[in-house]
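Number of protein chains: 2
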Amino acid sequence: MASRLLHRHIREQLRGLNEVTHESLVVGAIENAFRFMDEHMARKQRNQYAVGGCCALVTVYLLGKMYVANAGDSRAIIVRNGDIIPMSREFTPETERQRLQLLGFLKPELLGNEFTHLEFPRRVQPKELGRRMLYRDQSMTGWAYKKIELQDLRFPLVCGEGKKARVMATIGVTRGLGDHNLKVSSSTLPVKPFLSCFPEVQVYDLTQYEHCPDDVLILGTDGLWDVSSDKDVAATVDKVLSSYEPNDPSRYTSLAQALVLGARGISREQGWRLPNNKMGSGDDISVFVIPLGGADSYT
Amino acid sequence: MASRLLHRHIREQLRGLNEVTHESLVVGAIENAFRFMDEHMARKQRNQYAVGGCCALVTVYLLGKMYVANAGDSRAIIVRNGDIIPMSREFTPETERQRLQLLGFLKPELLGNEFTHLEFPRRVQPKELGRRMLYRDQSMTGWAYKKIELQDLRFPLVCGEGKKARVMATIGVTRGLGDHNLKVSSSTLPVKPFLSCFPEVQVYDLTQYEHCPDDVLILGTDGLWDVSSDKDVAATVDKVLSSYEPNDPSRYTSLAQALVLGARGISREQGWRLPNNKMGSGDDISVFVIPLGGADSYT
Numbered sequence: 511m512a513s514r515l516l517h518r519h520i521r522e523q524l525r526g527l528n529e530v531t532h533e534s535l536v537v538g539a540i541e542n543a544f545r546f547m548d549e550h551m552a553r554k555q556r557n558q559y560a561v562g563g564c565c566a567l568v569t570v571y572l573l574g575k576m577y578v579a580n581a582g583d584s585r586a587i588i589v590r591n592g593d594i595i596p597m598s599r600e601f602t603p604e605t606e607r608q609r610l611q612l613l614g615f616l617k618p619e620l621l622g623n624e625f626t627h628l629e630f631p632r633r634v635q636p637k638e639l640g641r642r643m644l645y646r647d648q649s650m651t652g653w654a655y656k657k658i659e660l661q662d663l664r665f666p667l668v669c670g671e672g673k674k675a676r677v678m679a680t681i682g683v684t685r686g687l688g689d690h691n692l693k694v695s696s697s698t699l700p701v702k703p704f705l706s707c708f709p710e711v712q713v714y715d716l717t718q719y720e721h722c723p724d725d726v727l728i729l730g731t732d733g734l735w736d737v738s739s740d741k742d743v744a745a746t747v748d749k750v751l752s753s754y755e756p757n758d759p760s761r762y763t764s765l766a767q768a769l770v771l772g773a774r775g776i777s778r779e780q781g782w783r784l785p786n787n788k789m790g791s792g793d794d795i796s797v798f799v800i801p802l803g804g805a806d807s808y809t
Numbered sequence: 511m512a513s514r515l516l517h518r519h520i521r522e523q524l525r526g527l528n529e530v531t532h533e534s535l536v537v538g539a540i541e542n543a544f545r546f547m548d549e550h551m552a553r554k555q556r557n558q559y560a561v562g563g564c565c566a567l568v569t570v571y572l573l574g575k576m577y578v579a580n581a582g583d584s585r586a587i588i589v590r591n592g593d594i595i596p597m598s599r600e601f602t603p604e605t606e607r608q609r610l611q612l613l614g615f616l617k618p619e620l621l622g623n624e625f626t627h628l629e630f631p632r633r634v635q636p637k638e639l640g641r642r643m644l645y646r647d648q649s650m651t652g653w654a655y656k657k658i659e660l661q662d663l664r665f666p667l668v669c670g671e672g673k674k675a676r677v678m679a680t681i682g683v684t685r686g687l688g689d690h691n692l693k694v695s696s697s698t699l700p701v702k703p704f705l706s707c708f709p710e711v712q713v714y715d716l717t718q719y720e721h722c723p724d725d726v727l728i729l730g731t732d733g734l735w736d737v738s739s740d741k742d743v744a745a746t747v748d749k750v751l752s753s754y755e756p757n758d759p760s761r762y763t764s765l766a767q768a769l770v771l772g773a774r775g776i777s778r779e780q781g782w783r784l785p786n787n788k789m790g791s792g793d794d795i796s797v798f799v800i801p802l803g804g805a806d807s808y809t
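Protein chains in written order, with the working numbering: chain A, 511 to 809; chain B, 511 to 809.
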């Protein structure tokens, strides 16, 4: 009987495991670690009425693969032979609009009577009641017309553009850790239900390419990326690393310093300025440079 | 006063319109048309206790752009100079797992006491209560371990793989129109809340490329794609169109016929078979071929 049926049982047990690759277990472990960290902070914040939160950008190296997990508005890129490989996406009210709107739609109690989950191209005025106006909801990527009703006059859940985009007029980053006690200003409405602690994990297989000492992973907070494009950063990588011997480990420290100083700018009479005279970054600037070449690549 | 302030008001009014491009208005119009169609069918089905639903794949040509809107498991590709350009994505329990799980998590009443929103690699057995097992929820793309609890023994909301994947053990397509009265088998639980009527709209700019009479948009139902890959279809496009004069309009009709007949196969003793002796498509096979070259491209 077993000779006839055992292979079927084995196939049945293995069937569901098709998707459970080693990689997906590492990704799941990282995802759950973010959740546990957030719950950990929840307990701390409950006991101590502490406030505050943070974004988190993490990299894990395991068995030839680099896992980059991002929750928030930091960013990671790989600069490889001059090419730029994005390793994360930012999570902001604009990039997460549909997730936020869906939550507000399904759980209207989270909006109180203060916010509407609908988005309008500009703030709706009371005198526009009954008129047609463009809107979009959680299911739409395009814009369509609707007749303005009373509840459309509420403040939009997602509002503003670029660096000024906000959820509940309060926070501009929609994933991260902590902020369990964050409330809408002048209100008791909690913001946390709209914030996700889950990262997006991207995987980079280091064995698929012969990396040289100039190939690096750059992790930076928004302070870096507010004023530096991916191309700016890649140019600095090239400039700094080419001025050092390939086997000089201090080249990576110098690169990180150069990236931070470049984003901060130089103190002038009108304040911190970049070489093009634009304002330097006003946000925290933290940068990590991780060489991908590995010690045995050094010549 | 106006000379000083009017430009600010204009800028303020225009500011919100940055995102409202002509293209996004067409996309919004198509999205809302799908919703109105679904509401239309809801009224019909309420009055007549009618059943049934369908996927929908639509293309709209407007001002030099081709809009392809897909809700369901049909597929559209452009074959251009032999290259394949995907113009849609399928919406199935597998591709929409996280959307479905999120809905089940936020609205557990939609699951009754019959389903769990969690996914497990295989069905959990009662004797496994208290043991550790791999799972993933609405926020995870990887797998992690949890201790099996009583409610994990419920049937999973999303179950099965490939063509056999189902939502609520009932339906294998997660977007489309109709199905307002669809219930879980042997239950009063409605399935419709988990089905989205909203399409994903992809836009193709026809003016960016000089199209020739052999460049076509292919729209096909799942019956075509179950047995034909994108490459198979592109090969048939090449084979059929090259056997006709470029200015013979019947070449496109013949191509559509060839694609349908190729997916159906040939009647043999064991049933409908493909040339490789695999089974022919058992599903509806509908194919549209839309030439992109336009009349003035004909030589």
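Treat each hint with caution, since some may be false.
If several chains are the same, the list does not tell them apart, and a pair holds so long as it fits within one copy or across any two.
What the hints assert, rightly or not - The list that follows gives simulated cross-link-like pairs (lysine-lysine, DSSO-like), each with its CA atoms no further than 27 angstroms apart:
hint: 1; residue 1: K656; residue 2: K575
hint: 2; residue 1: K554; residue 2: K656
hint: 3; residue 1: K741; residue 2: K673
hint: 4; residue 1: K741; residue 2: K575
hint: 5; residue 1: K657; residue 2: K554
hint: 6; residue 1: K702; residue 2: K674
hint: 7; residue 1: K656; residue 2: K702
hint: 8; residue 1: K741; residue 2: K657
hint: 9; residue 1: K637; residue 2: K657
Simulated from the structure, these hints should not be mistaken for lab results.
Tested hints:
For a Cα distance limit of 27 angstroms, the shortest separation of K656 from K575 across copies, 25 angstroms, qualifies, whereas the shortest one inside one copy, 49 angstroms, does not. In this homomeric assembly, K554 and K656 come within 27 angstroms of each other (Cα to Cα) only across copies, at 24 angstroms, whereas the closest approach inside a single copy is 45 angstroms. In this assembly of identical chains, the alpha carbons of K741 and K673 lie at most 27 angstroms apart only when taken from the same copy (20 angstroms versus 44 angstroms across copies). Taking the shortest alpha-carbon separations for K741 and K575, only the intra-copy value of 25 angstroms comes in at or below 27 angstroms, while the best inter-copy value is 31 angstroms.
Proximity of K657 to K554 under the C-alpha cut-off of 27 angstroms is restricted to the inter-copy arrangement: shortest distance 25 angstroms between copies versus 46 angstroms within a copy. With identical chains, the CA atoms of K702 and K674 are at most 27 angstroms apart within one copy only, with a shortest distance of 19 angstroms there and 38 angstroms across copies. For the homomeric pair K656 and K702, the shortest alpha-carbon distance between copies (24 angstroms) is at most 27 angstroms, but the shortest distance inside one copy (30 angstroms) is not. In the homo-oligomer, the alpha carbons of K741 and K657 never lie at most 27 angstroms apart, since the shortest distance is 45 angstroms inside one protomer and 47 angstroms across protomers.
Proximity of K637 and K657 under a CA criterion of 27 angstroms is satisfied intra-copy only: 13 angstroms inside one chain copy versus 56 angstroms between copies.
In terms of the numbered hints stated before, the structure departs from hint 8 and from no other.
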